[in-house]
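Model the full assembly from the supplied sequences, consistent with the hints where possible.
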Amino acid sequence: MLIPPDVRSRLRGLRFANRLHANGRGLGQHRGRSRGAGLEFEQYRAYEIGDEPRRIDWKLYGRSDRLFVREATRDSPLNVWVLIDATASMAQADASRPDYSKFVAAKLLAACLAEVALLQGDAIGVIGITGDGVQLVPLGGGARNRDRLLIGLERLVCGGRWPGEAGFAQVQERVGVDSLAVIISDGFDAGLPVLAENLAAARRQVLSLGVVSCEERDFPFAGGFIFRDPETGAECRADGAAARADFLTRFAAARRELKTRLAQSGVPHVEYHLDEPPDAPLRRILSGAD
Amino acid sequence: MIALLAPAGLAAAAAVVVPLIIHWVRRSDRRLISFAAMRYLSEHAHPRERLRVHEPWLLLLRLLMIAVFALVMALPILRGKGDATAPWVLVAPNLAASAARAAVAAPLAEWRWLAPGFPRLEGPAPVAASPLASLLRQADADLPPGTAVTVIVPEELTGLDAERLRLGRAVAWRVVAETGAVANPAAPPAALTLSVRYDAAGDAELPLVRALAAAWQVDGPAMQWDIAARDAPLPTTPGWLIWIAGPLPPGIEEWVRRGGRVLASRQASGAGRAVVRSDASGTAVLSATELGKGRLLTLTGPLLASASAAFSAPDFPRALRDLLRGPPTPPDRAPAASVAPLPNGPPAHGPIQSLGPYLALLLALLFLGERLMATRIRANA
Numbered sequence: 017m018l019i020p021p022d023v024r025s026r027l028r029g030l031r032f033a034n035r036l037h038a039n040g041r042g043l044g045q046h047r048g049r050s051r052g053a054g055l056e057f058e059q060y061r062a063y064e065i066g067d068e069p070r071r072i073d074w075k076l077y078g079r080s081d082r083l084f085v086r087e088a089t090r091d092s093p094l095n096v097w098v099l100i101d102a103t104a105s106m107a108q109a110d111a112s113r114p115d116y117s118k119f120v121a122a123k124l125l126a127a128c129l130a131e132v133a134l135l136q137g138d139a140i141g142v143i144g145i146t147g148d149g150v151q152l153v154p155l156g157g158g159a160r161n162r163d164r165l166l167i168g169l170e171r172l173v174c175g176g177r178w179p180g181e182a183g184f185a186q187v188q189e190r191v192g193v194d195s196l197a198v199i200i201s202d203g204f205d206a207g208l209p210v211l212a213e214n215l216a217a218a219r220r221q222v223l224s225l226g227v228v229s230c231e232e233r234d235f236p237f238a239g240g241f242i243f244r245d246p247e248t249g250a251e252c253r254a255d256g257a258a259a260r261a262d263f264l265t266r267f268a269a270a271r272r273e274l275k276t277r278l279a280q281s282g283v284p285h286v287e288y289h290l291d292e293p294p295d296a297p298l299r300r301i302l303s304g305a306d
Numbered sequence: 214m215i216a217l218l219a220p221a222g223l224a225a226a227a228a229v230v231v232p233l234i235i236h237w238v239r240r241s242d243r244r245l246i247s248f249a250a251m252r253y254l255s256e257h258a259h260p261r262e263r264l265r266v267h268e269p270w271l272l273l274l275r276l277l278m279i280a281v282f283a284l285v286m287a288l289p290i291l292r293g294k295g296d297a298t299a300p301w302v303l304v305a306p307n308l309a310a311s312a313a314r315a316a317v318a319a320p321l322a323e324w325r326w327l328a329p330g331f332p333r334l335e336g337p338a339p340v341a342a343s344p345l346a347s348l349l350r351q352a353d354a355d356l357p358p359g360t361a362v363t364v365i366v367p368e369e370l371t372g373l374d375a376e377r378l379r380l381g382r383a384v385a386w387r388v389v390a391e392t393g394a395v396a397n398p399a400a401p402p403a404a405l406t407l408s409v410r411y412d413a414a415g416d417a418e419l420p421l422v423r424a425l426a427a428a429w430q431v432d433g434p435a436m437q438w439d440i441a442a443r444d445a446p447l448p449t450t451p452g453w454l455i456w457i458a459g460p461l462p463p464g465i466e467e468w469v470r471r472g473g474r475v476l477a478s479r480q481a482s483g484a485g486r487a488v489v490r491s492d493a494s495g496t497a498v499l500s501a502t503e504l505g506k507g508r509l510l511t512l513t514g515p516l517l518a519s520a521s522a523a524f525s526a527p528d529f530p531r532a533l534r535d536l537l538r539g540p541p542t543p544p545d546r547a548p549a550a551s552v553a554p555l556p557n558g559p560p561a562h563g564p565i566q567s568l569g570p571y572l573a574l575l576l577a578l579l580f581l582g583e584r585l586m587a588t589r590i591r592a593n594a
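In order, the protein sequences belong to chains S and A.
Positions in the first sequence are counted from 1; adding 16 to them yields my numbering.
Positions in the second sequence are counted from 1; adding 213 to them yields my numbering.
Among these hints, one or two may not hold up.
To be verified - Just a few of them, taken from the derived set where beta-carbon distance is under 8 Å, the chain S residues facing chain A:
| id | residue |
| --- | --- |
| 1 | 105 |
| 2 | 192 |
| 3 | 204 |
| 4 | 232 |
| 5 | 240 |
| 6 | 245 |
| 7 | 252 |
| 8 | 253 |
| 9 | 259 |
| 10 | 262 |
| 11 | 263 |
| 12 | 267 |
For the record, the hints were derived by calculation from the structure and aren't laboratory data.
Idealized CB from N, CA, C, for every residue including glycine.
Here it is, written out as structure tokens:
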């Protein structure tokens with residue numbers, strides 16, 4: 017999973033901005049929930065036996081004749097989870113670029129996210145959601161985890177249909193409170209907005225990336241075709257030119273509906289078209305300007 | 214005026230359904246595509262059932278090709294205008310040119326020999342080889358309808374056929390006495406020579422040969438005998454030969470082709486020989502082959518009365534003679550005055566020209582164009 021050099025260079029300008037308090041272990045770049053020694057003042061609290069004497073605010077003691085300890089917010093790293101929709105429908109690719117399927121694009125997006133996360137010292141993990149269950153690349157941070165992540169990404173495969181609600185339990189267990197979850201999917205599965213809503217309601221910050229192929233966006237078919245749903249196997253005979261206008265209308269409406277629904281849960285949704293460079297949707301979603 | 218000699222050939226145009234099927238059936242090879250957004254396709258966007266043609270220009274070229282092919286099969290001809298030309302005088306080749314000119318006073322006419330190609334009378338007299346009736350029909354068909362034709366024939370005509378001459382026009386029929394020394398065709402044929410060649414084994418077969426010859430002469434012409442050993446040369450003029458001397462000599466085939474009739478005993482049964490006589494049990498006794506003008510009859514066994522019951526049959530000599538002689542030639546001679554052509558034949562149309570070569574060239578060009586168009590590299594293929 018090699019990120020093209022031009023994309024990699026543009027990734028340097030991207031940052032994860034968290035709405036919630038970062039909850040990772042160790043020191044990071046995000047405002048954390050844990051308190052302790054630090055620069056940014058958080059609160060005073062009464063002295064307890066065992067506190068270091070150097071952390072006592074002696075000037076306050078002079079004024080109030082009581083011992084108070086200064087506490088500061090500790091900057092923590094962010095835990096980023098990339099949830100990749102690995103159902104069979106993600107194997108779809110454009111005829112003009114058959115080796116660049118939606119799934120390959122999703123893995124490339126995940127690699128770009130890992131690059132951004134690792135650059136700013138955050139930990140990142142990947143979960144592939146397939147019909148058979150969950151494929152996991154565990155959480156890890158630091159430059160030494162980059163290769164492990166990329167190899168883990170390479171091993172992900174797609175197939176099957178979206179699992180039921182039971183399949184989410186594993187995801188919700190892994191994705192801890194206050195972590196950032198980025199969902200990359202094609203948006204065809206009804207379970208996807210449910211997962212996003214559940215995660216968002218359970219104090220996770222959720223971003224959604226929808227992968228849309230150029231054929232879905234433009235519907236460039238002319239002549240007779242048999243369209244087959246890769247997940248259900250249902251087939252539909254249609255004349256490309258005749259079906260085009262209606263399909264584009266209905267598909268755009270469905271995408272708009274998905275975006276609205278996710279926005280109601282506070283989940284920004286950005287589309288990635290397969291002919292774009294992969295950093296473009298990341299720039300839109302990380303800057304919040306979609 | 215274009216006419217078709219074989220209008221049934223136009224039935225080949227039925228082959229137009231083949232390219233039509235090819236160009237229409239290709240319509241239905243819909244591509245299968247994996248498309249997850251299929252659920253947003255409308256239920257009513259079924260492919261239109263209207264017949265659509267792939268590559269209409271190629272189809273047109275192919276249809277044209279088949280149409281031209283059908284036209285070629287129908288043998289189209291172009292008939293001449295039929296403007297009357299100067300009258301023709303046709304002279305039978307066994308008449309003298311001067312005698313013919315004396316018989317008919319037509320100084321402005323075209324004087325031609327009644328021979329293949331209708332050469333001018335000024336040229337040498339051609340050999341009378343072709344059937345006269347056929348030549349007359351050809352002249353009648355080739356000449357424009359309005360041209361008057363005079364035919365000068367000798368008193369006795371040969372080369373007639375079973376059909377009474379019927380021409381598309383009324384011809385002037387002049388009978389002129391032959392002046393040249395023409396062999397009298399009614400003279401009795403020269404006596405037949407019956408050659409017999411035998412070897413040591415054939416000695417025993419000679420009695421039956423003699424018996425056969427005696428039987429033939431009872432009601433047939435007398436025969437001259439030429440009985441000799443195997444090595445004696447055959448007569449130069451091919452006649453009848455009974456070969457009872459084992460394998461046939463190498464030159465015999467040429468001898469038969471020139472008109473020889475050979476009955477050979479003790480021959481290996483060869484391919485291509487029709488069995489013409491079997492004995493009561495169905496075993497082949499006599500096989501025959503036509504070679505050029507002659508015939509070759511072969512027996513697998515010896516020509517001995519004891520060898521096969523078929524040789525003792527009462528009708529065997531006569532049947533064998535008929536086989537050697539071959540089918541009789543039909544009568545083709547008649548007094549010229551009695552066979553004057555009747556004018557109620559097929560109407561004369563004048564000279565015709567076949568359009569076949571031109572159409573064949575057009576067909577080749579169309580085929581070339583079709584191949585070029587069908588195999589060209591398509592931008593959207």
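Hints, verified against the model:
no. : hint : in the structure
1   : 105  : holds, 4 Å
2   : 192  : violated, 31 Å
3   : 204  : holds, 5 Å
4   : 232  : holds, 5 Å
5   : 240  : holds, 4 Å
6   : 245  : holds, 5 Å
7   : 252  : holds, 5 Å
8   : 253  : holds, 6 Å
9   : 259  : holds, 3 Å
10  : 262  : holds, 4 Å
11  : 263  : holds, 5 Å
12  : 267  : holds, 4 Å
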